[in-house]
Structures are given as C-alpha cells and as structure tokens.
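There are 2 protein chains.
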Amino acid sequence: LDAADDEGVRELVEQLHPADIADLFEQVDRERRGPLAAAVRDLLDGEVLSEMNDFVREGLVDELDNVQVADLASNLDTDDAVAIIEDMEAEDQREVLRALDPDDRAAIEEALAYPEETAGRVMQRELVSVYENMMVGDVIDFLRDSQDMTMEFWEIFVVDARHHPVGTCALSWILRTPRNFAIADVMKREQMLIPVDMDQEEVALRFQKYGLISAAVVDSDGRLVGMITVDDIVDIIAEEAGEDILRLSGAGEGDINEPVKDAYRSRVRWLVANLGTALVASFIISLFGAAIEEMVALAVLMPIVASIGGNAGTQTMAVAVRALAINELTRSNTWRTIRHELAVAIFNGATIAVLIGIGAALVFGNPMLGGVIAAAMLINIVIAGLAGVFVPVTLERMGQDPAVASSVFVTMITDSIGFLAFLGLAVASGLVG
Amino acid sequence: LDAADDEGVRELVEQLHPADIADLFEQVDRERRGPLAAAVRDLLDGEVLSEMNDFVREGLVDELDNVQVADLASNLDTDDAVAIIEDMEAEDQREVLRALDPDDRAAIEEALAYPEETAGRVMQRELVSVYENMMVGDVIDFLRDSQDMTMEFWEIFVVDARHHPVGTCALSWILRTPRNFAIADVMKREQMLIPVDMDQEEVALRFQKYGLISAAVVDSDGRLVGMITVDDIVDIIAEEAGEDILRLSGAGEGDINEPVKDAYRSRVRWLVANLGTALVASFIISLFGAAIEEMVALAVLMPIVASIGGNAGTQTMAVAVRALAINELTRSNTWRTIRHELAVAIFNGATIAVLIGIGAALVFGNPMLGGVIAAAMLINIVIAGLAGVFVPVTLERMGQDPAVASSVFVTMITDSIGFLAFLGLAVASGLVG
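One line per chain: the protein sequences are Z and G, in this order.
Take our numbering: the last position of the first sequence gets the number 433, and nothing is skipped along the way.
Take our numbering: the last position of the second sequence gets the number 433, and nothing is skipped along the way.
For the record, the hints were derived by calculation from the structure and aren't laboratory data.
Keep in mind that the hints are not guaranteed to be accurate.
Okay, the calculated bits of chain G under chain Z, using three or more residues with CB under 8 Å as the criterion [stated by the list, open to error]: (1) 59-69; (2) 161-172; (3) 210-219; (4) 251-262; (5) 308-315; (6) 328-335; (7) 367-375.
The beta-carbon is built from N, C-alpha and C at its ideal position, and this holds for glycine as well.
Please work from the sequences and hints to get the whole structure.
Laid out in structure tokens, this is it:
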C-alpha cells in the first residue's frame, strides 16, 4: 500500500474472508483507510461493511457516494442493510433509499420505522414459510423450485391461511421424514414468537435461555413478518455485555475507534457528575476541619476508609448489575440477594477492619485511633454492600438502565459514609476535639 | 409447595420448558429447593440441570445419589453431561462415571481429559459426517436410515477416508440439490476448523466473527472428533462478557447464588490488595502532614483529585479491556489507541481542571489554591488515561487476564499521583510551607 501497488494489495486482500477484510480496515490508521478502500473497491461489498466496527464503517461510508451505498445495501439481507443505513445522516439516508429498488426500499423503510434496538430492526424479512396443509414432499419441491432463495436457513416456519405462525420445523426433521407425511405432523407446535417491538436484549435472552437457532417475529396482529437468526443474536449478546462494562465505568459507547470528540462528550459528563459527588464528600470533610488540624493522621487515613468502601461497593454492584442484566435478580429474590450481600459484607468488613485497626494502632501508637478506623471501615463496607444492591435494583425498578448511573451513586455513598463515619467517630469517641 | 401439595406442584411445573423449570429452582429459596426437587423428581431431567445456574445445580446434585446423576447424564449430549459432571468432587465423579454405559463413559472421560474451558470440553461428539465420494441422494438416504440420530443438526461435515474434514454442507443446500449431484460439488470447502485445545473464548470470537452455526473440532492429527454448535457459543459469550465485568470489579465469579463463604474468599483478596494500594496513597499524604496542618483546605480538596482521576482511569481501562477481549486492540494499533486516549484525557482534564480551579478559587477566596488544584487535576487525568491503556495492555502481553488485576494498579496510580501532584504542587508553588 505504501508503494502505491494497488494491484498487489488487491491480490493479497482478495483471498481474505469478508470478516477479515473488515478487520484489516479497523487495524490500519485512519489516513490509510481511504487509499486501501480505493485499491480494493470491488472487494468492499456489503458483507464486509456489515462486519465492520460502527465507527470505522461510518468513516468509510461518508466517503462513498450514496448510489454506491445503495448498490452495496441491495445485496444484503434487510437486517444487515439496515445496520449500514441507520447510522447515516437523514439527508444521505433519503438519497440512498431513493436509489434502491422499490422492494428493497419498502423493506428497509419499514425496518427503519421500528425503534432502534428492537426486534423489528434486527429481523430479516427473507425467510421460508409454508402452509400447514402441505405435505413434506410438497415442501421439499417448493424449496427446490424457489430460484431466488440463495440464503442459508435452518428452520422453516409453518403458517395458517391468515399467515399466523403455527409451528416450526428444523430442516433435519424434513430430511428424515418420508414425503407423504403432513408437515403439520412433523413440525413443533410450541415456539417462541417474538413481538416486533421487543427490545433486542430481551430477544437475546430468550435465544440464550431456550437455545434457539431462529425465531419467528410477529406483528401486533400475530402475523409472521420476519425472522431473527442466532448469528445476529451472537453479535447482540457480545455488544450488550460489552456495553454494560463500559456503562458501569462511565465510558459511554467507549470504543478505541470512537472519534475523540464523541469520546470526550460522553465521558466528561460522568467526570462532571463525579465532581459533583466528590464535592459532597469534600463538604463532609470540611465539617471536620478542626479535628484534622488537631490530628493530621486523620487526613492520612481517611482516604483508606473511602477507597476500600468504594471497592467493596463496586464488587457488589457488578454482581447485582450482571444478575439484573440476565434476569437472574428479580422481585422474588431481591431480599434474599440483599441478605446474601450483607453476609458477605460483614465478613469482608470484619477482616479489613481488623487488619487496618491493628495496623493503625501500631503505626500511630494510638489504640483508640485503631478502634475508630476499624469501626468506620466495618460500617462503610456494610453500607457499601447494601448500596451495591439497592442502587441498581432501584434504578431498574424506575425503568432506568442500572449499568448507567449506579456507579455515581454508589461512589457518592461510600465516599460520604467513609469520611463521615471515620471523622465523626473520631470526634464522638473523644479521640479529638 | 407450602401446602405440601406435591401433586399440584407437579402439575404446574409439568407444562414448563426445561429452561423455565431451571429458572424456578433459581428463584426459590435454598431451603425450598429440596422439597421442590422431590415433588417434580421425574421432570428434573438432564436438560433442566444443564440449564441451571452452576451454584444452584451443585447444591441439587449434591443431594442426588450418584446413580441418579449418571442416569440423568446419560440422556444428554456429551457437552451438557460434562457440564454437570465437571463441577462434582473427584470421588463422586468417579462413581458417576462407573455407573454410566461404557460408551457414554468413554466419551465423557475423554472430554474431561481436555483442560477446562477448551474446545474439547465444549464440543459434542454427536454429529453427522459423510464421506466425500457420496452423492446427495446417498446422503439423504443415510440420514433417513439412521435411527439413532434424534438430535437436531444444521450442517453436516464431509470427511475423507482418513476422517479429515474436507468441507461442510448446510442442510438447506442438500434439500435444494437434485439427488444425483456429488456432495463434494455442493459442499463449501473453506471452513473454520477448531483445534481441540483452543480456548473457548477464542472459539466464541471465531463464531461471532464468521457468523458460524456449527464448526468441526479436529484433534492434533487433523481428524474430526466433534462439533461445536452456536447455542453453546451463545452461553459462552454471555458468560465471558459477564466475567469481565465481575473481574474488573474484583468480584471473582460473583453470582447471587454463590455461597457466602466462596464470595467472601474471592472478594476479600481484592479488598486486601486495595488496602495495600491505599496504604501507598496514605504514605504519600503523610509526607505532607505539615502542609495539611498549615492549610486544612488541602485535606478537604485532595480526595476530589484522586476520585476523579480514578474515575477517568476506569473509563479508559474499561474501553481497553473490552477492546482486548474482542481482539480489537492489537500490537499494530496500540500506539494509535494510546494517542487516542491521551487526546480524550487532555480534553477531559482541561474541562474538569477549569471547573474545579475556578470553584476552589472562589470558595476559598484563594486563586493560587485554584491554580494548584487545576494543574493537579489535569496531570492526574492525563496520567489516568495513559495508565488505563498501559496497565491492561502490559498485563495482556505478560499473559495475564487484563480484566483481573488492572483495577488495582490503575487505582493505585491515580490515587498516588492525585495526592502527590496536588500536595506536591501546593508546596512547590509556595502556597504552603
């Protein structure tokens, strides 16, 4: 590429899988993505784009003209085409849609009409459905005769005359059943129907729980409108789980390919929020200015109480946020979870309290100081354990994403309680003042 | 259940999907799981057990006798049977294995011989393979005639005479191809072969990247020994992504069903490690005892510098850990990532520095104090951004899991630098001393 040997580059890239070509674009520097794209223009098909990191793709799509984008999108299943088009700006989106075939255009416009991250956006319209009165032989002939079904599929959906799904049939059953059986006798009647407006995270949990390969998506009238396949679900699960880590850390969409401007905007909000909570802690310290002046050891030790409390709170919070995300923590076991975390917190708190208490007493030659920090440590770790469950559970009940804001609240609580307990006990015990 | 109406309970539970029965066990209190198991003994099959949370299952399996466990395991695919047996104690494991059919026993013992979390543990031995010289019609007849193939499958594997995989064939292609075609002309030759000792996380990344439904597992001689299907991969991806959140927070295997004793043991280690790092920060503060005595405002403000620096470090660290986990951050773009995070850190640092600097100057009526805290804040956020990438990348290069220990190091760095920069600048600038 450096030698401007486009032909050579093309030859090397040609042998790669679309997913590897997408990776290649992610790995090279931003400035070199344009020339690379020019060198391998004809290999840069819709499949490569749909495998690409969102931010890298946006950069590339911006450089293509809209007719080219339409051309790429028309060769994809609806779900992949939507993934490429949904991130474009409204103006460009309209132009791309205009340049598409009427059929493709209608399908993509319909998908875009559903809210982001719902089943309607994720599903593909391309699927195989047969009527319930067909024989297995008819179904096989129908599959053989359909010229335009180039896609891979794993299950077929059986529908009634009103196009309502009544069952599913794995291809392996069809292959193993004689032609003269009715499809209605081979199919599985229980199936997981996905409403078109279901959140994608919920869809992913169903796939995971029931081990699904594909599932029928139905509209509000119960008609079959699309299917979701497990390969899309794999991406969603990986994405959602990754999002939780990033949200919990206040890093927004955090991605190493995210433009600096966007990363700044999403992260600085949380740092400012953290500044607010840190001020609360500072205010508490300021109430004890006289005590600190009298015994500077208090200033030396107080960050320990806050820091370990924060750490203990984060542990419990991570467990709770994770359990909420996979529907493991529900109303029926909230109290059991709180008791569980309380027990862990008491053991943890007692251990750390003994260590720091003895240590402080020895280093400063002041047993009273050791007692005060031990008591404050135990209190803060227990409060941290309770806050680690209460905060995310409350946010979830209020309809908020517990991963997004829990950290700020839990840290505020553990910092404030840490300083208040330690400095407050120091005064109350007569250690100072 | 409370009314000891076993018959009624059984009737209710009977209609549920195995995954829902598993959920039910997870939701009820520990003491009631025994009676519930007794009431629905015959519904409690291997499938229910394999869907269950590890900790809940262990509790139940402990109460069953080993012959019953063997009976349950024998009805499962190898991968699910292994999942149940691998967590049992060595003694019980041997007894269960003895009670199994020789065939099942050999398969499970072989699987247990592979290290945990490798392809060999996750794969199932049950699969459909055909020879490359067969016609499509032969394959269909072979599938119809095989009585014992009760499982679902999505692709068949084509092997040569030495049982080396040479291609795969989706069932949809077979269904649509006339009987007189050679299978070798229908199959796809490129396929992702999984070595039996590959780590399961790596296997999951391949499935995700290439959108696989199933993949052939080969031994060191390249022979087909099993297959991995996407439904197991879905569980692995969800599990691994969840693990990263928990590890990053120092919560070990963290699960609301984890026994208190285990939770205590895994979490207290990190709190003790955190105690060590907090002592480093305390030591730094203790060097500036005189400065704090002179100006108690320093003690009031110093936690802000440390706390926001810690938060900024955690943001960058989460982004880096996530990017490492999905192989997005590699040697070739490490420097680009560091420059990226440095740019974000400078913007974030400048913003927070201005806010806190002006605020401190006004509240304490001391512009010099405002300048000192602003400078310390900027320094700490920039250092935090660098540490947030360097620490996990270095751990990864050293062959460590970056999610496990990054937090402790990053927090130590941001706490120490926060106190050192703020108190050090206060002295160096002549504000105190």
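Of all the hints numbered above, which does this structure not satisfy? Sort the numbers upward. Of the numbered hints, 1, 7 do not hold.
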